[in-house]
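*Asks:* The sequence shown: position 47 = 47 (the working numbering), numbered continuously.
Just so you know, these hints were derived from the structure itself, not from any lab.
These numbers come from a predicted model, not from an experiment.
Hints are supplied without guarantee of correctness; some may be wrong.
[Stated by the list, open to error] For each label pair, taking beta carbons as the anchor points, the in silico distance ranges come out as: (1) 150 x 76: 16 to 24 Å; (2) 164 x 205: 18 to 26 Å; (3) 128 x 42: 36 to 44 Å; (4) 1 x 134: 20 to 28 Å; (5) 49 x 145: 37 to 45 Å; (6) 61 x 196: 35 to 43 Å; (7) 182 x 204: 18 to 26 Å; (8) 205 x 68: 19 to 27 Å; (9) 200 x 128: 36 to 44 Å.
[Unchecked claim] Computed cross-link-like contacts, DSS-like style, restricted to lysine-lysine with a CA-CA straight-line distance of at most 25 Å: (10) 184 x 77; (11) 77 x 49; (12) 90 x 22; (13) 77 x 120; (14) 184 x 198; (15) 120 x 2; (16) 7 x 90; (17) 131 x 49; (18) 120 x 165; (19) 22 x 40.
Cβ coordinates follow ideal geometry from the N, Cα and C atoms, glycine included.
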Amino acid sequence: MKIYEYKIAPNPLRVQMFLSEKDINVETVQVDVRNGENRKEEYLSINPKGGVPSLALDDGTVITESIAICRYFEAIKPKPSLFGNTPEEKGLIEMWSRRTDIEGISSVADALRNFSENFKDRAVPDPRKTKQIPELAKRGVMLANRYLDDANEKLEKSEYLAGDKFSMADINLYVLLYFANWVKVKPKEEHTNLIRWKELVSKRESAKVFEN
């Protein structure tokens, strides 16, 4: 099997951090997203949406979407569990992962894709043209900042985002903070809990994937 990725992009980093936590090594193939390689026929034959990462299995099956890829590897190697063990853990991890995706990462994506000239006519990750809406860029920044407030409040009550164990929810939040820097959204001085949490997670071996 192999993973097609663009190693500095948020979603590939999410998968790489997950695989590091699992101590799983998978061959990677770099797709030059910056120069549009993901929108060329060769890669679109692998992933018609043109997104990264894509996991190509040995039998020809292709799994796209970073969380789906992570769940595939969780099923292969359940320990250590990053999606939870008990019903409560699974529910809370899924809840905070979804909130981080919808309220945080998607908001940053809206801010970037509806503002940057690099995404002209590509406001959504799809090879078909989609015009930018500048108002969504402004709203995206506002919503991302709002979510950092919420995460900071939650982290006052627990060591990690979904409880007292490191989980997929924390990987998603760490990716969000990395991605949010692209639109100049970052924790404020008053986000003491979030800053404490970021320093804690940054010491994990898996966080080194962001240094490559």
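*Asks:* None of the hints should be skipped; say for each whether it holds.
*Replies:* Here's how the hints hold up against the structure:
Checked against the hint of 16 to 24 Å, the pair residue 150 and residue 76 fails, with Cβ atoms roughly 33 Å apart. With their beta carbons about 20 Å apart, residue 164 and residue 205 fall inside the hinted range of 18 to 26 Å. In this structure the supplied range 36 to 44 Å is violated for residue 128 paired with residue 42, their Cβ-Cβ distance being about 18 Å. At about 41 Å, the beta-carbon gap between residue 1 and residue 134 misses the expected band of 20 to 28 Å.
At roughly 29 Å, the beta carbons of residue 49 and residue 145 sit outside the given window of 37 to 45 Å. Restraint check, residue 61 to residue 196: a C-beta distance of roughly 41 Å satisfies the suggested window 35 to 43 Å. Between residue 182 and residue 204 the Cβ separation comes to about 22 Å, which falls inside the hinted range of 18 to 26 Å. A beta carbon spacing of about 24 Å between residue 205 and residue 68 agrees with the range 19 to 27 Å that was offered as a hint.
A hinted range of 36 to 44 Å holds for the C-beta pair residue 200 and residue 128, which are about 42 Å apart. Straight-line distance between C-alpha atoms of residue 184 and residue 77 comes to about 36 Å, which puts the hinted pair past the 25 Å bound. About 28 Å separates the Cα atoms of residue 77 and residue 49, which puts this hinted pair outside 25 Å; it is violated. A C-alpha spacing of about 17 Å is found between residue 90 and residue 22, which places the hinted pair at or below 25 Å, so the restraint holds.
A C-alpha spacing of about 41 Å is found between residue 77 and residue 120, which places the hinted pair above 25 Å, so the restraint is violated. A distance of roughly 17 Å separates the Cα atoms of residue 184 and residue 198; the hinted pair therefore holds under the 25 Å criterion. Taking the CA atoms of residue 120 and residue 2, the gap is about 31 Å. The hint is violated against a cut of 25 Å. Annotation: proposed proximity of residue 7 to residue 90 is violated, straight-line Cα distance about 28 Å (limit 25 Å).
This hinted pair checks out: residue 131 and residue 49 have alpha carbons roughly 17 Å apart, not beyond 25 Å. Among the hinted pairs, residue 120 with residue 165 is inconsistent with the structure: their alpha-carbon atoms are about 41 Å apart, more than 25 Å. The straight-line distance between the Cα atoms of residue 22 and residue 40 is roughly 32 Å, outside the 25 Å bound, and the hint therefore fails.
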